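Going line by line, the protein sequences match chains A and B.
Here the working numbering is used: position 10 in the first sequence is 145, and no number is missing along the way.
Here the working numbering is used: position 118 in the second sequence is 173, and no number is missing along the way.
No lab work stands behind these hints: they were computed from the structure.
Treat the numbers as computed from the prediction; the structure is a model and nothing was measured.
Treat the hints with caution; some may be incorrect.
Pulled from the structure, derived: some chain B residues nowhere near chain A, Cβ distances all over 10 Å [stated by the list, open to error]:
#: 1; residue: D247
#: 2; residue: Q250
#: 3; residue: Q285
Derived Cβ-Cβ restraints for the label pairs, each shown as a range [what the hints assert, rightly or not]:
#: 4; chain 1: B; residue 1: Q224; chain 2: A; residue 2: D431; range: 31 to 39 Å
#: 5; chain 1: B; residue 1: P295; chain 2: A; residue 2: K179; range: 20 to 28 Å
#: 6; chain 1: B; residue 1: S260; chain 2: A; residue 2: F401; range: 46 to 54 Å
#: 7; chain 1: A; residue 1: E471; chain 2: B; residue 2: A217; range: 43 to 51 Å
#: 8; chain 1: A; residue 1: P184; chain 2: B; residue 2: Q285; range: 36 to 44 Å
#: 9; chain 1: A; residue 1: N453; chain 2: B; residue 2: R277; range: 56 to 64 Å
Even glycine gets a Cβ: it sits at the ideal position worked out from N, Cα and C.
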Amino acid sequence: MAQSQTGDVDLNRGDLNHGANDAAATAAVLSDRAVSFRFVVTLKCLSIPLDSGQTATEAPQAIVPSERARPTPVPVAPFAAPSPPAISVVVSAPAVAPPVVPEPSRPAAPPDAPAVDIASPAPGLPWELAAPAFRLETVVPTVLHAFKKPATEDVPDGTPCPAPETPAATVPPMVATVESATERPSVPNLYTAPSRIRKSLIWKLGAGALAAVAILIPVWRQMTRPAAHPDQHARTSGQSTPNGAPASIQSGDWIRQASVGGDPGFQQARQLVLYKPGLKATDGRIEFAWSTNSGDVGVVFRAKNLGNYYAVRLKLLNPRTTPTLDVEYFSVVRFEESRHQEKFLMLSKVDPALLVRIDVFGPTFTLYLQDNAVEYWTDVKLTAGGMGFFEEWNRAPQVNAVRISFGQRSEFFGKPLGDAPEFLTRKEPSVLARRESRALGGS
Amino acid sequence: MSAAAAPGIPNPVEAALALRAAGRLQDALNALGTASEDTSDVYTLRGEIQFALGRVHEAAGSYFTVVASEPENVLAQFNVGVCMQQLSRWSDAALAFQRVLDMDPDRDEARLGLGACLLQLNRPEEALATFDACWSDAVRRRADFGKAVALQFLRRFDESEAAYREMLQSGQQTEDVLTNLVALSAEIHDWDAVQHYASRLLEISPHSVPAMQGLAAVALERGEFAAAVQHCGRIVELAPECMEALHNLRFATGQVMAAIQKRAASQPATKTKNSRTASRPPH
Numbered sequence: 136m137a138q139s140q141t142g143d144v145d146l147n148r149g150d151l152n153h154g155a156n157d158a159a160a161t162a163a164v165l166s167d168r169a170v171s172f173r174f175v176v177t178l179k180c181l182s183i184p185l186d187s188g189q190t191a192t193e194a195p196q197a198i199v200p201s202e203r204a205r206p207t208p209v210p211v212a213p214f215a216a217p218s219p220p221a222i223s224v225v226v227s228a229p230a231v232a233p234p235v236v237p238e239p240s241r242p243a244a245p246p247d248a249p250a251v252d253i254a255s256p257a258p259g260l261p262w263e264l265a266a267p268a269f270r271l272e273t274v275v276p277t278v279l280h281a282f283k284k285p286a287t288e289d290v291p292d293g294t295p296c297p298a299p300e301t302p303a304a305t306v307p308p309m310v311a312t313v314e315s316a317t318e319r320p321s322v323p324n325l326y327t328a329p330s331r332i333r334k335s336l337i338w339k340l341g342a343g344a345l346a347a348v349a350i351l352i353p354v355w356r357q358m359t360r361p362a363a364h365p366d367q368h369a370r371t372s373g374q375s376t377p378n379g380a381p382a383s384i385q386s387g388d389w390i391r392q393a394s395v396g397g398d399p400g401f402q403q404a405r406q407l408v409l410y411k412p413g414l415k416a417t418d419g420r421i422e423f424a425w426s427t428n429s430g431d432v433g434v435v436f437r438a439k440n441l442g443n444y445y446a447v448r449l450k451l452l453n454p455r456t457t458p459t460l461d462v463e464y465f466s467v468v469r470f471e472e473s474r475h476q477e478k479f480l481m482l483s484k485v486d487p488a489l490l491v492r493i494d495v496f497g498p499t500f501t502l503y504l505q506d507n508a509v510e511y512w513t514d515v516k517l518t519a520g521g522m523g524f525f526e527e528w529n530r531a532p533q534v535n536a537v538r539i540s541f542g543q544r545s546e547f548f549g550k551p552l553g554d555a556p557e558f559l560t561r562k563e564p565s566v567l568a569r570r571e572s573r574a575l576g577g578s
Numbered sequence: 056m057s058a059a060a061a062p063g064i065p066n067p068v069e070a071a072l073a074l075r076a077a078g079r080l081q082d083a084l085n086a087l088g089t090a091s092e093d094t095s096d097v098y099t100l101r102g103e104i105q106f107a108l109g110r111v112h113e114a115a116g117s118y119f120t121v122v123a124s125e126p127e128n129v130l131a132q133f134n135v136g137v138c139m140q141q142l143s144r145w146s147d148a149a150l151a152f153q154r155v156l157d158m159d160p161d162r163d164e165a166r167l168g169l170g171a172c173l174l175q176l177n178r179p180e181e182a183l184a185t186f187d188a189c190w191s192d193a194v195r196r197r198a199d200f201g202k203a204v205a206l207q208f209l210r211r212f213d214e215s216e217a218a219y220r221e222m223l224q225s226g227q228q229t230e231d232v233l234t235n236l237v238a239l240s241a242e243i244h245d246w247d248a249v250q251h252y253a254s255r256l257l258e259i260s261p262h263s264v265p266a267m268q269g270l271a272a273v274a275l276e277r278g279e280f281a282a283a284v285q286h287c288g289r290i291v292e293l294a295p296e297c298m299e300a301l302h303n304l305r306f307a308t309g310q311v312m313a314a315i316q317k318r319a320a321s322q323p324a325t326k327t328k329n330s331r332t333a334s335r336p337p338h
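Input sequences plus hints: build the corresponding full structure.
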């Protein structure tokens, strides 16, 4: 690629009046004495390549796609500029709390435990999240819904997903606040507990459900642990994870997909936990409070399926001596996992809860920690897909105050909710308004 | 060969991608011409291929087309800046990069491009502030280099040299750093430094014209015309357009010849004197 740039600058110019220097040089040349050389200051280091992303590496894959690869209709992404979202989805504490289920392996935090409140965005941000303030106190796994819907669900590219269950009446025009309801609990470790104020009502309403959950939890845990029964796979679609768990579990607004043989991450028993209503989103943001002592946290975005997504993993190293945050990101495209990029950030201290935010705008991804941008990178291979988390080896970190927002250009929210039946249909690529300007491009 | 020859490729965009991957850039461009819809994707890909073919003007046109219909397309806006920079249209490039930064303040590559354009536009103070604003590790080294150049343009030579030396110690962009150090040292007439940096530069880049210019300048300054002839001759070989080298070669050669003639003129006199002395009969 012709990327070389001549960056030399004539040092003797003083200003851009080259003519005077040339005249002086000419005069010197005509005289019988040595002339000074015009030394140049090179700027070659500052040359910038064309931002073409990794399409060059993408193309060979398009020629010889892997067995499970799906051709992308629009190989070059239409990159949208970051724009204030016209709609925002907040995944937060349920309005009507589900029954509180004590986590078998991790005791729930007390009601007066320190809470992380990231409801109010930092002032001056281009994003103004239209979300009510909320306060989260603990993380409680809820598996009731997951167990009720054990059916395997694949998320094929282009397959319309079911419409969200959000009642239209609760969503004001252009600003929607979708909160998890009782009938839509989240997947384990991604669900938020009710506030203390509502606790008495919870116990009254959920006493019966609690008993049912107490019965169902052991069953569910047995299902997600290494397979004890050979016929367990029959409960799924015939594929299972390395530990025998179902390949896919739908749970309210979340869907969990586990890698099966041939998928990237199968060796690590990787599972994706995706926020289902945003599976077609193009731009968006995910933010949450990560309990750093609960282990690594993995975030995925632009996730179409198990073979196409971007992933970021945050890992805390040496928390007691020299706390260092390992930021690792990679992509899985057409079922091929890229090389992992890593960046190490020295921390002055270890916060028990670290605010993590990832902005996804077009080809640019920015990672924020405690509202400070710490890393950004670009990639153009995937243009749309869901957001969520990934887990490996069944290790689920504790995250609170999960909030997912989508930009204005997200297809999912591009239409009024009244058009729900077709709101996930694929739109044709936008056509330029000035077709006659093609001549500008030459060719 | 047309794109249709590629089997199993359903649409022109994919055909163009495949041809481009095979290195057949012109065929890829031709394949794109058959696209039924001129979407921003098509124009973006077209611009990329045109740029790869060295047709920067056309690439700029393609990206302009995208920007015209999608003013907030950051990628196209950025690539407009790169194309303008390639075409040495520094003001246009700076404007494009500034627009990118308005939309995406975190994009350090655009900040780097803007800083380079500001240097070319002889606005080193703004360039210095721009480079200072770079925050990501990905561009850190280049931003440091840009800051050193901006300081050099601001005639803050001590700070600039210190920055360059720091880069030298960390092994960053050694050749470019040495090139600029030669220029900086020549600017302040520190000929010992010029010789030092030029010699180092010549070690890592034996055909470096700035290095030879530095050595030639030192030789001329010190009256070592034979060495000046040697260095200027090399410059003329490598960069025939360097008129200063040509002139200095002639000048230095003249000085050498004059010295030889002077020596030759003085030698017969001495010889004659000596011979006269030798021919005298001993007393």
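Taking the hints in turn, this is what the structure says about them:
1. D247: Check passes; 16 Å lies beyond 10 Å.
2. Q250: Consistent with the label, Q250(B) stays out of reach of chain A, its closest Cβ about 14 Å off (over 10 Å).
3. Q285: holds (15 Å)
4. Q224(B) to D431(A): 31 to 39 Å: At roughly 36 Å between Cβ atoms, D431(A) and Q224(B) fall inside 31 to 39 Å, so the hint holds.
5. P295(B) to K179(A): 20 to 28 Å: About 22 Å separates the Cβ atoms of P295(B) and K179(A), which means 20 to 28 Å holds.
6. S260(B) to F401(A): 46 to 54 Å: This hint holds: roughly 49 Å between Cβ atoms.
7. E471(A) to A217(B): 43 to 51 Å: The hinted range 43 to 51 Å holds for E471(A) and A217(B), with Cβ atoms some 46 Å apart.
8. P184(A) to Q285(B): 36 to 44 Å: holds (39 Å)
9. N453(A) to R277(B): 56 to 64 Å: The hinted range 56 to 64 Å holds for N453(A) and R277(B), with Cβ atoms some 57 Å apart.
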